[in-house]
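Residue-level listing of the chains:
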Amino acid sequence: GGSNAPHACLPNRQERQRRFPLLTVSSFPCVVATSLQQDVSIHGSECAVFYRQEPPAEPLGFSTVAINYVYELTTKKRQEVPSPVPISELIGQLPVVQGRSRPIKVLNRLTVVMSEASPFVSFPLENRPNDAEYRAFDLLAIQPTTEKLFHTSCMLCEVDIICISVTEKLPFFFKRAPINGAIDRGVVFEVSYASALRDSTMRRYTIANAVCLMESCKGKNVIVSSAAEKALDLRGPYDIINLGALFGLSDADSKEAVSSTCRAVLLHAETRKTASGIVSTRKSQQEGLQDCVGS
Amino acid sequence: MVRVKSRYLLCEINVSDRRDLLKLDDRAVSGTVKAAVARTHGDYGAALCSIRFCVKYLNAHTGIVFLRFPKGCYKLLWSALPFITSIECCGRIIPCFFNCLHVGGTIRTCQKFLIRYNTRQLHRMLPKCKNEEEKRQIQKAILSCSLTGGGDEALEDELESEEEDGE
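As they're listed, the protein sequences go chains A and B. Using this note's numbering, the first residue of the first sequence is number 1, and each one after it goes up by one. Using this note's numbering, the first residue of the second sequence is number 1, and each one after it goes up by one.
Take the hints with a grain of salt, since some may be wrong.
Partial list, derived from the structure: chain A residues whose beta carbon lies under 7 angstroms from chain B [stated by the list, open to error]:
(1) Leu-197
(2) Leu-232
(3) Arg-235
(4) Gly-236
(5) Tyr-238
(6) Asp-239
(7) Asn-242
(8) Leu-243
(9) Leu-246
Hints in this document: simulated from the structure, not taken from any laboratory. Bear in mind that the values here come from a model prediction, so they are computed numbers and not experimental data. All C-beta atoms in this analysis are idealised placements derived from N, C-alpha and C, irrespective of residue type, glycine included.
In isolation and in its complexed conformation, chain B is listed as follows (with noise of 0.2 angstroms):
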């Protein structure tokens, strides 16, 4: 059976104030990408990343994407992830690093690792609530993470305000 395969990565943007983290649009994480992978990997890399790579899903609040590249080159495309180091996005230049979290085959498993992901850190900033109040709404997260439900926006939401609290 032929089938065209890819790879999806799951990284995180990390940024030193999470304000200009919702400043993001996929166009420009795809530009920044597709710039960091020509000055590393010069014409060839350019052109391997022309094939198939796109922004599949970006979240502003939590800085996570998803991109997608083929399978054969994959590994040459995210060796050039390591080297970006600021994003430009409306004219503003956002210091900020990738961290791939996650290689998955389809977009499913990313988002099933991604659930987890989430679940576990909800439950580190649990010890770092304030009050009962913050302790029942993630622990109300916590227990509504699935796959199909909407538990997923939830979580990022909790995810974003408690870690403004608790940092």
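With the rest of the complex left out, here is chain A (with noise of 0.2 angstroms):
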């Protein structure tokens, strides 16, 4: 249940495949205020779903969530952007983070999936970032399909995170090139993990890719995150933290993909909707937008 159809400018196949926010990918900074037997307090980071009135995230110990919603771009014709559903109706009362007081933070996002090329392709993304419809949501994500489309995302679209498929298997292979390109701008790569927990298949697919991507990036600028869909597809930040093990990633970078590179990806969503990084713009009640310097 907790379906209730919200993007009404979805077209019928998304809607059928997704009809509710998927959840959310990336992870973010969030306190546990638990520690391992060395004694390490944890700043892991995790997306957690949302599923209507039952927030697991609280009792794992996430601090931020984002939901996730998904455009697929296509050559047929122009699609509408979804637009996303105000944080207040989905979810009541927003519950607190363990160990502080302060309640989790809700952040909406979306990923775009990128299969072919063509003129609708490119032109959101590169040319203008800051339109409207793309200002609605606080993190955006791509999902290339194709080897010119990674390129292109890595090198010039303005996103926060690219999403590595972990669904089938990699039709490209990764190039350093792109890779440390991205890695400079400051964009990570994204693994979830929820399909892993369904399929035997899918388990070698996730794997199988993330370790390809590991071997390219060396284990720097990577989150994983859960694209939960249930309350029960979420796992611990620990759990998590060791499941990087099995990707390839040392212990240290599986503890920085579920914390600090989180928390990095949320301050380079922040800063992308500002002139860098130091005036940002906000709609005030009257009419008309009015310049604030801010952070």
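From the two separate chains plus the hints, produce the assembled complex.
Spelled out as structure tokens, the structure:
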């Protein structure tokens, strides 16, 4: 239950596949007030899933969650970008982060699946990243499916996250050049683990693709997140850190993938909306925009 | 000094329906973990699991388990735990997931952590109380948490009843 079809503008195919907002994929900094036996307090982050009335992120120890909306670009026709449902409508009262007194932060995130090169594909993200439709989302992610698109998204597109597909064998190999370019720009690569929990074949694809990625990027700028669709697809931060070892990350890199890299993504997303990270604008209550200097 | 060292993993089993928790028993959990390790790591994992693995403690009211693994390979066996999606117990399949809270070298350290964790959970439930009676019960349970006293059981019953009321 819990599906309320908030995306009236999505085409039917998408609506059939994903009727409710997907779980957030990126990890966010969260404060987990527990500690491992080495007495290290972990600032792990991960996106949790919010499934209508039942937020299980609270006992798991995550502090930020992003709700993911998938938007597929095809050559057929220009489709509308889904508009995010306001958070207050989805979840009544936000639970409090474990060990702190702040409530969990919930953000909106858009994942653009780029399938073929088309006039519509390069248009949104290269030329107008601050388009009004994209502004409603706090995080932008892109999922390229061909080598050329991967190269473009690493070097040119104004996104925060590049998703590595885990449901199919990678159709292209990773090259060092675009990956290093993305790392320099602050874009992170993301591996999601919810599909691995369901099926043995998916597990093989996930691990294979993740290991390929780690070989090329040496474990930097990687986040691990759940693309959970149900509350039971979530896992705790320590379990995810251990899963990173399966993907080929070292212990330190794995911990970073869940904590500090996620925090970096959040900051990157915030500065993307500003002009060089210094000036940001906010819509005032009256008509028009009002410039205000802020960070 | 030669001493056989193990790692004790403190896990919490999260289910969507709390009433299903009461049906768990340690043989079902042990079988599930062994099956998941065999699925993920094959024969090598299944062999490692047969060395010193066992379920040391299971609390059906709160869903806390202590699992013991040998120290040399606990990380490998731990990495198979996230892939558990359900537990089969007396003919029923209960969808759930394991959430690891703490890794300790001895049962005593895990127990100390568990008491601190339960105290924190009770503190978090305090603002959600609906009437004075529940508030007093929680405060009494918080004060009686200790390693040697019988506070642990009182805590867990409190935890279970409060969570049922709070949610």
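Here is what the structure says about each hint:
| no. | hint | in the structure |
| --- | --- | --- |
| 1 | Leu-197 | holds (6 angstroms) |
| 2 | Leu-232 | holds (5 angstroms) |
| 3 | Arg-235 | holds (5 angstroms) |
| 4 | Gly-236 | holds (4 angstroms) |
| 5 | Tyr-238 | holds (5 angstroms) |
| 6 | Asp-239 | holds (4 angstroms) |
| 7 | Asn-242 | holds (5 angstroms) |
| 8 | Leu-243 | holds (6 angstroms) |
| 9 | Leu-246 | holds (5 angstroms) |
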